[in-house]
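Let the sequences and hints guide you as you build the complete structure.
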Amino acid sequence: MNTAAHAPTPRWLTALHRLLMASALLLLMFHLAVYIGYAVNLMRFPFDYDQGEGFELVDTMLFSQGQWPYRDTEAFPFYSSNYPPLFHIVAAPFVWVFGAAYWYGRLLGFLGTLVTASAIAYAVYREGRNRPIALIAGLAFLASNTVYHIGPLFRQHASMVMFETLAVVLLANANEITDRKQRRRRLALGFGFILAAGYTKQLALITAVAAGIFLFIRQPRRALVWGIGAGIVGVVIFGWMTLATGGEWWRQAILANVNELRIVQTVALFNQWFGLHGFLIVPAVLLAIYELYFDRLSIYTLWFVFAVIVNGAASGTWGGGDSYFTTAIAALCILSGIFASRTLRGGWNFPANYLTRWLINPLRRAAPLLAQAALVIVPLLYLGYGRAVLHMPTDGAIFGALSQALGLHPNALNGFYDSARTADGQYATGYANIGHWTTEADIEAGWKISNLIRASNQPAISEDAGFSLMVGRPAITNPTQLLNLDKKGLYKGNELVRMIEAQEFGLIVLRAQFYPDRVLQAISRRYDQFDTVTMNGFNYLLLHPKPE
Amino acid sequence: MFTNDFTLTKRHLGGLLLVIGGLAFTAILSIDLLDAGREGGIGPAQQIALISSALVALLGLTLIPLGSRPA
Numbered sequence: 387m388n389t390a391a392h393a394p395t396p397r398w399l400t401a402l403h404r405l406l407m408a409s410a411l412l413l414l415m416f417h418l419a420v421y422i423g424y425a426v427n428l429m430r431f432p433f434d435y436d437q438g439e440g441f442e443l444v445d446t447m448l449f450s451q452g453q454w455p456y457r458d459t460e461a462f463p464f465y466s467s468n469y470p471p472l473f474h475i476v477a478a479p480f481v482w483v484f485g486a487a488y489w490y491g492r493l494l495g496f497l498g499t500l501v502t503a504s505a506i507a508y509a510v511y512r513e514g515r516n517r518p519i520a521l522i523a524g525l526a527f528l529a530s531n532t533v534y535h536i537g538p539l540f541r542q543h544a545s546m547v548m549f550e551t552l553a554v555v556l557l558a559n560a561n562e563i564t565d566r567k568q569r570r571r572r573l574a575l576g577f578g579f580i581l582a583a584g585y586t587k588q589l590a591l592i593t594a595v596a597a598g599i600f601l602f603i604r605q606p607r608r609a610l611v612w613g614i615g616a617g618i619v620g621v622v623i624f625g626w627m628t629l630a631t632g633g634e635w636w637r638q639a640i641l642a643n644v645n646e647l648r649i650v651q652t653v654a655l656f657n658q659w660f661g662l663h664g665f666l667i668v669p670a671v672l673l674a675i676y677e678l679y680f681d682r683l684s685i686y687t688l689w690f691v692f693a694v695i696v697n698g699a700a701s702g703t704w705g706g707g708d709s710y711f712t713t714a715i716a717a718l719c720i721l722s723g724i725f726a727s728r729t730l731r732g733g734w735n736f737p738a739n740y741l742t743r744w745l746i747n748p749l750r751r752a753a754p755l756l757a758q759a760a761l762v763i764v765p766l767l768y769l770g771y772g773r774a775v776l777h778m779p780t781d782g783a784i785f786g787a788l789s790q791a792l793g794l795h796p797n798a799l800n801g802f803y804d805s806a807r808t809a810d811g812q813y814a815t816g817y818a819n820i821g822h823w824t825t826e827a828d829i830e831a832g833w834k835i836s837n838l839i840r841a842s843n844q845p846a847i848s849e850d851a852g853f854s855l856m857v858g859r860p861a862i863t864n865p866t867q868l869l870n871l872d873k874k875g876l877y878k879g880n881e882l883v884r885m886i887e888a889q890e891f892g893l894i895v896l897r898a899q900f901y902p903d904r905v906l907q908a909i910s911r912r913y914d915q916f917d918t919v920t921m922n923g924f925n926y927l928l929l930h931p932k933p934e
Numbered sequence: 149m150f151t152n153d154f155t156l157t158k159r160h161l162g163g164l165l166l167v168i169g170g171l172a173f174t175a176i177l178s179i180d181l182l183d184a185g186r187e188g189g190i191g192p193a194q195q196i197a198l199i200s201s202a203l204v205a206l207l208g209l210t211l212i213p214l215g216s217r218p219a
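Listed in order, the protein sequences are those of chains Y and W. Residues in the first sequence are numbered from 387 upward in steps of one, following my numbering. Residues in the second sequence are numbered from 149 upward in steps of one, following my numbering.
Some clues are possibly wrong.
To be verified - Heads up, incomplete: computed chain Y residues facing chain W, CB under 10 Å, no partners named:
id, residue
1, Arg515
2, Val644
3, Asp681
4, Ile695
5, Leu745
To be verified - Computed spacing ranges between beta-carbons, pair by pair:
id, chain 1, residue 1, chain 2, residue 2, range
6, W, Gly191, Y, Asp903, 25 to 33 Å
7, W, Ala193, Y, Ile623, 50 to 58 Å
8, Y, Leu497, W, Asp183, 47 to 55 Å
9, Y, Arg750, W, Ala175, 38 to 46 Å
10, W, Ala175, Y, Asp903, 36 to 44 Å
11, Y, Ala752, W, Thr151, 39 to 47 Å
12, W, Asp183, Y, Ala752, 53 to 61 Å
13, W, Leu209, Y, Glu881, 41 to 49 Å
14, Y, Gly770, W, Gly191, 34 to 42 Å
15, Y, Leu610, W, Asp183, 34 to 42 Å
16, Y, Ala809, W, Gly191, 52 to 60 Å
Keep in mind the hints are simulated off the structure, nothing from the lab. Think of the CB as a built atom: it goes at the ideal place given N, C-alpha and C, for glycine as much as any other residue.
Structure follows, in structure tokens:
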């Protein structure tokens, strides 16, 4: 059955469709404006915004000096990274020119999301030839609460998703290229991006698996040849890094990174993901089912399934969170965009099989009506999505008036409204408590802590590296990594505990207290809290040595 | 299978999913059968894995009648 055969569309319906599409586009453009505002706000903020950003800056600085960040955490300064190197290597030249700063890492993350959105729009346009839907699908990615709050951070996650998306979009039609040279170039580039994604963040493994299975289904011989080739390149790089770091790459980035799963967090984040993105998840799943039973499986469907199941489950691990759904969000934006454009052009074909007989044939008479209803339903899906993911500041001349008109009340830090939270500010376990815009008072608070570190004539430990880096002091310890190692029984901490016991640190700055218990106990024995500074709504505890 | 124009059909894919789902189901169940000293019976994670394996096998079964159409 081809649903393209239907009665002419009434003028009023065409006009209504255009009005609704324009409204959906306008709403998503508003989300883009909020996103740009947030990105600019963060680029102007000189300290850690999300917990751990500063340590990514430390990695970047080490690479800019030609040093590995995978180090022995038992020796001073007790620092190691647990992330692959590519994002930090890309950012390293900025250190040579601008020194230690957050804005360039945040800019790279932000630009990465724009590239991802463009790749999504291109993929949707290539499949459906519908420009407005392609544009809307790309904007839908940027509008997601999850993409919004992790995009412009000095973190590698957005870059990983960018490489994954580029790889998938490139490989989607690679088998159909008849020119051998061109096909090989495309496959090489696609696998190159998969390797780049994997060496940006380990989670990209699912994209390698999805792409491999897709190619295997289409042409097993080609999949094996290219899969083995890419695997050899990946393993050689891995082996070289393990040798060059004396085994620390393997220990810090792999062994210490396998964390326990908290099912409660996984379930909470799945619920939240569906609540926010459900308007687009439903059409994405419908397209996946269609491909499974009536068409060929696309790389997008396999990517979506693996990203949802594997990364979705992993979101419940210690160190996980809603950001683990970002790849699934990119995939669902592509699938729902293809679904929307195919529906609008009446491009559904149902070959004869038992499911067509049972499910589709009884609906044939309703096909013209369904095709006309789609003109309203498709833009309504995007309007519904735009409302479901709504997030914005509620103060200032424009946002204040707008939030008042919409009846929105702040439910996050610094007067921010986030639809991912309840009216009283509750949110799913594992959802990142960020997204709010920073203020001048936050910057002043950051400098207050930094100046205390500068004034100390002894080294200082800070749970956010930025306070030390901004006054030219070295970052000492990476608390979450020490905790990762400790949870695996890979950390002793004797030297760090000895230095704390000997009060060799002039100042200790704590935020989430993500240190191993042994370290926290030593701090509590030998240091006293003398002040609390609030920055971005988080309390930073300032401790100095107890009097002898 | 390793010729340049070979591609998996719906029947192939269905058969693969049926075998994978069936093997996974048996393996997960075997954890309790082989590890007799283990306490607590079938836990929540095991239940999820069992249901998922059964669904994969069932999905495979529904694809087999679609025959030689490319997967």
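Checked hints:
no.	hint	verdict
1	Arg515	violated (23 Å)
2	Val644	violated (16 Å)
3	Asp681	holds (9 Å)
4	Ile695	holds (8 Å)
5	Leu745	violated (12 Å)
6	Gly191/W <-> Asp903/Y: 25 to 33 Å	holds (28 Å)
7	Ala193/W <-> Ile623/Y: 50 to 58 Å	violated (34 Å)
8	Leu497/Y <-> Asp183/W: 47 to 55 Å	holds (51 Å)
9	Arg750/Y <-> Ala175/W: 38 to 46 Å	holds (44 Å)
10	Ala175/W <-> Asp903/Y: 36 to 44 Å	holds (37 Å)
11	Ala752/Y <-> Thr151/W: 39 to 47 Å	holds (44 Å)
12	Asp183/W <-> Ala752/Y: 53 to 61 Å	holds (54 Å)
13	Leu209/W <-> Glu881/Y: 41 to 49 Å	violated (60 Å)
14	Gly770/Y <-> Gly191/W: 34 to 42 Å	holds (38 Å)
15	Leu610/Y <-> Asp183/W: 34 to 42 Å	holds (36 Å)
16	Ala809/Y <-> Gly191/W: 52 to 60 Å	violated (36 Å)
Hints 1, 2, 5, 7, 13, 16, counting from the list given before, are not met by this structure.
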